[in-house]
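A.B. asks: From first to last, the protein sequence lines stand for chains E and B.
When the letters of the first sequence are read in order and numbered with numbering that gives the first Met the number 0, they come out as residues 0 to 193.
When the letters of the second sequence are read in order and numbered with numbering that gives the first Met the number 0, they come out as residues 0 to 394.
The hints are simulated quantities; they were obtained by calculation from the structure and are not laboratory data.
The beta-carbon is built from N, C-alpha and C at its ideal position, and this holds for glycine as well.
It cannot be assumed that every hint is accurate.
[Said to hold, decoys possible] The calculated lysine to any residue pairs, modelled on SDA-like cross-linking and capped at a C-alpha distance of 25 Å, are:
{"no.": "1", "chain 1": "B", "residue 1": "K53", "chain 2": "E", "residue 2": "D125"}
{"no.": "2", "chain 1": "B", "residue 1": "K96", "chain 2": "E", "residue 2": "T184"}
{"no.": "3", "chain 1": "B", "residue 1": "K366", "chain 2": "E", "residue 2": "A11"}
{"no.": "4", "chain 1": "B", "residue 1": "K71", "chain 2": "B", "residue 2": "V154"}
{"no.": "5", "chain 1": "B", "residue 1": "K76", "chain 2": "B", "residue 2": "D160"}
{"no.": "6", "chain 1": "B", "residue 1": "K300", "chain 2": "E", "residue 2": "D125"}
[Claimed, not checked] Output of the computed footprint for chain E on chain B, the stretches with three or more beta carbons under 8 Å from beta carbons of chain E:
{"no.": "7", "stretch": "102-110"}
{"no.": "8", "stretch": "170-183"}
{"no.": "9", "stretch": "302-312"}
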Amino acid sequence: MSNEVSARTDDAPPTTAKHHRVDVAGENVPEAQGSQATAQTVTINRPVAEVYARFRDFARLGDFMENVERIDVLDQQRSHWVVKAPAGRTVEWDARITEEEPERLIAWTSEEGAEVPNSGRVTFRDVGDRGTVVTATLLYDPPGGTLGKIVAKLFQREPAIQARRDLKRFKQLLETGEIATNVITREQLEEEGR
Amino acid sequence: MRALAWHGKHDVRMDTVPDPEIINPRDAIIKVTSTAICGSDLHLYDAYIPTLQKGDVLGHEFMGEVVEVGPKSTLKKGQRVVVPFTIACGSCYHCGKHQYSACPNGLPADNQDIARELYGHEMSGLFGYSHMTGGYAGGQAEYVRVPFSDVGPIVIPEGVDDDKVLFLSDILPTGWQAAEYAEIEPGDTVAVWGCGPVGLFAVQSAFLMGAERVIAIDHFPNRLALAAKFGAETINFEQSDVYDALMLMTGGIGPDAVIDAVGLEAHGLYLDNVIDQIKASTFLGTDRPHSIRQAIIACRKGGRVSMPAVYGGFVDKFPLGAFMEKGLTLKTGQTHVQHYLPGLLNAIMEDKIDTTFLISHRMPLEKAPEGYKLFHDHQNETTKIVLKPGMAADA
Ligand SMILES: NC(=O)c1ccc[n+]([C@@H]2O[C@H](COP(=O)([O-])OP(=O)(O)OC[C@H]3O[C@@H](n4cnc5c(N)ncnc54)[C@H](O)[C@@H]3O)[C@@H](O)[C@H]2O)c1
Ligand SMILES: [Zn+2]
Ligand SMILES: [Zn+2]
């Protein structure tokens, strides 16, 4: 088949392939769901233990993930996500951790019957003086497919961009204790939904 | 409050806008006592900088009194502070290296995409300088919300006049960094293109750093006269051939270091559509010759090029061959203001640096639109305009 993956001869991350099939990127994500992959990364000038712990605290992910309205932690492995959708609606699903190594990685997938199937993996790498490299690989369905349309609406913008901005906010929160905003009144802040 | 807002090319107005409030824990609110119009503001006035929106409050050179502080601010109500134009967090990798203008943490995540597309990376937030640099409301206003107030603003001792310290916010450190980037050695001759505030402070700084000769280039007699006051020799580019003059003045060697303090405005830089940009940015010559090109051609072999001047996009006919063949070094960038503040405040207090010579006009804030027009249309007579919110409007 024409979209057969030719053997990679370099060390570049899978999602940077110019002609790629998803399973290349997805091969590290257990129980992968979603046909499109994006990888985003950020270096945070804090120790890996702190960065990991803050991320693992799912109930507080909404502090820097713009579209997350609420995450209920159900047990050690499972959580319930309530995510903003257009016109004041929300979309919900259950997610389950598929792999976890403290201070190294967390992988998850959405449970059967999720309105918006998705999966992903976040790795944490101690880089000494520079802090911690956080890399998120997300699998989702691209705009165009039936699910894609929902995803596009759901995220209000391309998931890759959304993920990148969420990671930047995560960095700001950990490095400075706050998330940068240019609003000048609390009323404007509320209008932005923060 | 009252504030100077951008409405379009050559259209700035005094508007009534909401008073700023504390939003983040490290914020402070400053009641502005003095604020200046910068050469960089003229780029906005002329609509060369994309991503400005109608109603944006301008101004990035300001100082004033602390009137409100967030729980994590280290400032105290009543203190007088000068605020750096670059918004930097103090705790990221770049801030740790004192590369404050590279700090990504003051730039709202949603505003980072544009610079990422254009430059490969996001830059620091700036006050009053378009949405690409954060969309922060600026200092040509009665009040300003200042993020990271525990890191940026420098407290000014009692009894020191605003006019002496206001320029710590931008142009003094910018001129100083420009001279530092010229890596001046004893006996050096330094040539400075542009005798605006940045060029004039670069002239002063170059002498303080041990330059034997400084040659200042401009076409406004008044501005050249100010450079001469500090001991510079001058070249008026409308009257003399700059390259020929520099060669004859330096025994054919050329200046050891060259400083471009002119920037995109002199030439007309057009950034096309920015979000899906990059294709169509053009560097067009107007009536003025291209200063950076000329500086590189004149610089001596193995010399240094320092470029405080702002460029926003792509330039055409950059003499890359001359740059390579002569083995030049280029240093540039938005100023790492926070890095220079303590040293420069000291230099001012010890009367080693004079800043007040620059101010040609003091006006009430309400007259800011007139100030822009004046600064734009009459550069020879107008070296620097300082706006004072407290001054009576009929002053
Ligand atoms: N790097 C930074 O952080 C930083 C900070 C502040 C300002 N700037 C930039 O520095 C530059 C200068 O700022 P300013 O406030 O002094 O501006 P300004 O407009 O007051 O001064 C520029 C001067 O350059 C002269 N000039 C124009 N064309 C020339 C030429 N071909 N040769 C010689 N001189 C020429 C003009 O006559 C004018 O006097 C601007 O580009 C500004 O945006 C950079
Ligand atoms: Zn300025
Ligand atoms: Zn920083």
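A.B. asks: Taking the hints in turn, state whether each one holds.
C.D. replies: Against the structure, the hints:
1. B:K53 x E:D125: Distance ~45 Å between K53 (chain B) and D125 (chain E) Cα, so the pair is violated.
2. B:K96 x E:T184: The hint is violated at about 33 Å.
3. B:K366 x E:A11: Between K366 (chain B) and A11 (chain E) the Cα gap is close to 57 Å, so the pair fails against 25 Å, i.e. violated.
4. B:K71 x B:V154: holds, 17 Å
5. B:K76 x B:D160: With Cα atoms ~19 Å apart, K76 (chain B) and D160 (chain B) stay inside 25 Å; holds.
6. B:K300 x E:D125: Roughly 44 Å between the alpha carbons, so the hint for K300 (chain B) and D125 (chain E) is violated.
7. 102-110: Check passed, 8 qualifying residues.
8. 170-183: Check failed, 0 qualifying residues.
9. 302-312: As far as the stretch 302-312 of chain B goes, the hint is violated, because 0 residues have Cβ atoms under 8 Å from chain E.
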